[in-house]
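**Student:** Each chain, letter by letter, is given below.
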Amino acid sequence: MTAFLALLTRDMRLAVRVGGGALIGALFYLIVVVMMPFAIGPDLNLLGRIGPAILWLGALLASLLALDRLFATDNDDGSLDLLMMSAMPLELAVVAKGIAHWLTTALPLIVITPVLGLMLNVDLPAMGWVALTLLAGTPALTFIGLIGAALSVALRRGGLLLAILVLPLTIPVLIFGVSAANAAIVGPAPFGPPFTILCALSLASLVLGPFAAAAVLRQGQE
Amino acid sequence: MAVIDLANPTLFLRLVNRVLPWLTAATVLVFAYGLYRVAGSPDDYQQGATVKIMYLHVPAAWLGMMGWGLMTVAAFGTLVWRHPLADVAGRAAAPIGAAFTLICLITGSLWGRPTWGTYWVWDARLTSVLVLFLLYLGMLALYWTAEDPNRGSRAAAILALVGAVNIPIIKFSVDWWNTLHQPASILRMGGSAIAPSILWPLLIMAVAFTLLFFTLHLAAMRNEILRRRVRSMRMMQAQEQAQDYVEARA
Amino acid sequence: MQLRSENLTCERGGRTVFAGVNFTVDSGAALVVTGRNGAGKSTLLRVLAGLLRIASGRLELTGGANEATLPEQAHYLGHLDAVKPSLSVRENLTFWASYLGAPHGAPMDPALDAVGLGHLADLPAAYLSAGQKRRLSIARLVAVKRPVWLLDEPTSALDSQSQDRLAALMADHRATGGMIVAAAHGPIGLESFSELKMGQS
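Residue numbers (the numbering used here), protein chains in the order written: chain A, 1 to 222; chain B, 1001 to 1250; chain C, 2001 to 2201.
It should be emphasised that the hints constitute simulated quantities derived from the structure, not laboratory data. Glycine included, each C-beta is placed from N, C-alpha and C at the ideal position. Some clues are possibly wrong.
To be verified - Partner residues are not named here, just some residues of chain C that face chain A (Cβ under 10 Å, in silico):
id	residue
1	A2074
2	A2102
3	P2103
Please build the complete structure, drawing on both the sequences and the hints.
**Tutor:** Written out as structure tokens, the structure reads:
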């Protein structure tokens, strides 16, 4: 447990100190969302209708792109070797890094979501629902993304490759996240089923992601 | 005092320490007088008291743009004349310019709520300011990311120049984009003919905001110089230690 | 306590790096691995650290803490220092100490003093020179007690003063029953040691 907390706090500290790392993800989210109306047009009724989808898409891209260097920096400076030599299994180390990443990247996204919602003409109660679905769904994005982050270390290629590998895996999260948000805002379908599935996806990837990522990392050391 | 002397950070710090209290006092006084005049200015017959948000909104917009102008001049200073203070000036201007731009956006959307019925409208002017704010954020991100201030400064100077060239193009495209979608239905702040009862408080507030900007800017420059000194002292500390070993061994 | 290797073979990318490596290291003993570049010295250390898989052969640590594997009882000092520039010297060491299993709340100053970084404890590690970073990495071996030290070219980037300190630390470690396996081209300050020549068998 000491080792787990030590890694969690170290990663959070690094995210906050290194180049405002945590804020860059939120900044990317802001810019992606702001770009949408330039493509779609400033019609507030239209924006209000597709607002939840835009927000979800922005959050998806932002939380995945920020994952790129998660293991790569540890690999570059030799930390990854030492992370494997603890009594704590590598899977748990991956979980600790995932949680730290979620807290420093995904959580700021969710916090600024209401402000972006105003710009997309999504009203405040509806914004609460979107934020709730993001809160339930972004852990799935982070923990699926961990696999991609580990692969980019093993293959020594990062950036867009990660997006190509991981984005298809996140399609279910996007489907159920947006449909839960829309169900809550406009109906008529009930909110419960898609939201429960979204939570299930998060819990499942919380278990699956770390195992797969740890396996990939061990492989990558060969 | 000659310009050459000002290039010396130590002399500059001494000057800043002497000027800053007076500048602060002037800012407070002009702000107090400006707010008094704003309180006495008439309400709009359509918008009521909300029109007074304009006294914060418009000066903030001017200074948000001036901030980038200052950064552009500083960027020339960094790239062309390699003036040691130019880089400090540019770096200190970025967060302040961003803050004024943010004030402009917030006051704009607060004004929009009673006027347009919504906090945000993709109006050409507000959208241009938003894009300016995003450019500022990019600039700040660049400063945060560069660990070595010297390397970061030249990159930031180039970005400031590129931004300065791009801002008019962005403004033009946003106007075009907006009129394409919303033909001439935009409410405008103020009017073409401004009554003196509005104009004078506005000008006084603009002076107050300008003073505030320069007070903050000088203070931020001082902080930046001191921050760099801390950095080089730390580096020296790390090196002296290494030398102590050599001496202890000899 | 004994570290024993029998017929150890390692393959990477379909190529045999080394085969049939045999050695034993007892408590308090040191083994220096020598050989030309590319003979597999670093690879052997990484195999011992559990970072590379064994193709065939046996590797075991007997008489140690029960149920702990060799990597959990070993310190690996590789070519990279695992130092984060944005954390302070103390934060770097504290993290590795608690991650690698030092008792909670143990003071870090003795370990920092042992490598001569006590005065720089609160400085961000970004300001350290290559040699100072190396020493910070070595402080980890002092802060967390583990019986096996795997050192890959431990003296690289160290000045002679720091090499002396390292030699003293290695002697202390052996005096308390620790084992050392080091890869080296020249002398690294070990008193007595057996040698394993790679690339000849």
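**Student:** Can you list which hints this structure breaks, lowest number first?
**Tutor:** none
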